[in-house]
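Colleague: Whole structure, please, built from the sequences with the hints as guidance.
Taking this note's numbering as reference, the numbering of the sequence shown is continuous, increasing by one, and the terminal residue is 123.
Treat the hints with care, since some could be wrong.
As the list claims (entries may be wrong) - Here are the simulated lysine-lysine pairs, DSSO-like style, with alpha carbons at most 27 Å apart:
1. Lys55 / Lys45
2. Lys49 / Lys14
3. Lys45 / Lys29
In case anyone wonders, no lab produced these hints; they're calculated from the structure. On a predicted model such as this, the values are computed, not experimentally measured, just so you know.
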Amino acid sequence: LKMLWFYWDGLKWEQLNVNDGTEHLTKIGLLEFVGSDDFKRRKLFDKDLFWLKGSIVQGEHPDPVHIESIHPNSTSSFQANLAPEEIVGSGNGTANQAFTLQHPLVISQQVWVKEPLLTEE
Numbered sequence: 003l004k005m006l007w008f009y010w011d012g013l014k015w016e017q018l019n020v021n022d023g024t025e026h027l028t029k030i031g032l033l034e035f036v037g038s039d040d041f042k043r044r045k046l047f048d049k050d051l052f053w054l055k056g057s058i059v060q061g062e063h064p065d066p067v068h069i070e071s072i073h074p075n076s077t078s079s080f081q082a083n084l085a086p087e088e089i090v091g092s093g094n095g096t097a098n099q100a101f102t103l104q105h106p107l108v109i110s111q112q113v114w115v116k117e118p119l120l121t122e123e
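Modeller: Quick look at the structure:
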């Protein structure tokens with residue numbers, strides 16, 4: 003299975019470079035892309051909007067595709083910290099044992115957004 007994504011440039015559908023974390027809509031994930039400067043509105047289905055088009059160019063989709071939601075201008079986040087050298091402790095099998103971590107939870111955070119500059123910036 004192979005899918006390609008396209009945007010409307012005012013005259014024709016142009017291929018859109020994407021980072022496809024959905025593996026061609028076969029699993030839950032993110033489809034990431036940066037819109038092109040020549041992305042234009044097009045009237046389809048009585049709506050004058052900016053349209054994307056996904057086309058299966060090889061194979062067949064194994065199941066009917068269901069897109070639950072689309073979130074433009076969004077990002078994902080996760081909270082994780084590895085401490086591979088930390089030994090939590092050894093238990094003896096009794097209930098309610100407590101252990102102290104050398105690297106406890108961090109209660110502060112920083113948020114960084116990586117976004118390319120637009121041509122008008």
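Colleague: Taking the hints in turn, state whether each one holds.
Modeller: Structure-based check of all given hints:
1. Under the criterion of a C-alpha separation no larger than 27 Å, the hint pairing Lys55 with Lys45 is consistent with the structure, at around 14 Å.
2. About 18 Å separates the Cα atoms of Lys49 and Lys14, which keeps this hinted pair within 27 Å; it holds.
3. Note on Lys45 and Lys29: the hinted pairing is violated, with a Cα-Cα distance of about 30 Å set against a maximum of 27 Å.
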